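Q: Sequence:
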Amino acid sequence: MLALEKTMKISDFSAYSGVPSETIRYYERRGLLPSPARKPSNYRMYSKEDAARVRFLHNLQSLGLSLSQLVTLLSICDEEKPLSVDDESFVQEIVEDLEVRRALSDRLRITLCALMTGEKRPHIAEKMFGHGYAP
3 MLALEKTMKI SDFSAYSGVP SETIRYYERR GLLPSPARKP SNYRMYSKED
53 AARVRFLHNL QSLGLSLSQL VTLLSICDEE KPLSVDDESF VQEIVEDLEV
103 RRALSDRLRI TLCALMTGEK RPHIAEKMFG HGYAP
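Just so you know, we're using my numbering here: the sequence shown kicks off at 3 and counts up by one.
One or more hints might be untrue.
[Stated by the list, open to error] Computed Cβ-Cβ distance ranges for the label pairs, DEER-style: (1) Arg-31 x Thr-119: 18 to 24 Å; (2) Arg-31 x Cys-115: 37 to 43 Å; (3) Tyr-28 x Glu-81: 21 to 27 Å.
Honestly, the hints are just simulated from the structure, not real lab data.
Quick caveat: nothing in here was measured; it's all calculated off a predicted structure.
Every residue, glycine too, gets a C-beta built ideally from N, C-alpha and C.
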């Protein structure tokens, strides 16, 4: 991984964080990532915290969280007080959704491994999802 420099082009920060430049710009436009300070050269000045936040957002988005969920979750994470009942309920819903997605992913992995070991193919979808099951 590249070393984080305080001043860098967005392409360098993208390489450091592992998140595409356009995604970083999108997060900035949507207010999910504060617009970084700029040098007179107009290069952005990023911190390790910025990189961690960008990775956090990108990973959550890749797990299927909506923009609205990201905004709410960041708001909760940025507060330095105990979770409210509503916040706890919101986080619990995300946890439950992730558990459903993990179960689906596990079934898919098992089914695909069976396919690679020569199991018959016509019934793969039925084996994975049964009759009418949808997560």
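Q: Look at the Cβ atoms of Tyr-28 and Glu-81 and judge whether their distance stays inside 21 to 27 Å.
A: Holds: the Cβ-Cβ distance is about 24 Å, inside 21 to 27 Å.
Q: Should the hint that Arg-31 and Cys-115 are 37 to 43 Å apart at their CB atoms be regarded as holding?
A: The hinted range 37 to 43 Å holds for Arg-31 and Cys-115, with Cβ atoms some 41 Å apart.
Q: Quick one: are Arg-31 and Thr-119 within 18 to 24 Å, going by C-beta?
A: For Arg-31 and Thr-119 the Cβ distance comes to about 47 Å; the hint is violated.
Violated hints amount to a single one, hint 1; each of the other numbered hints is respected by the structure.
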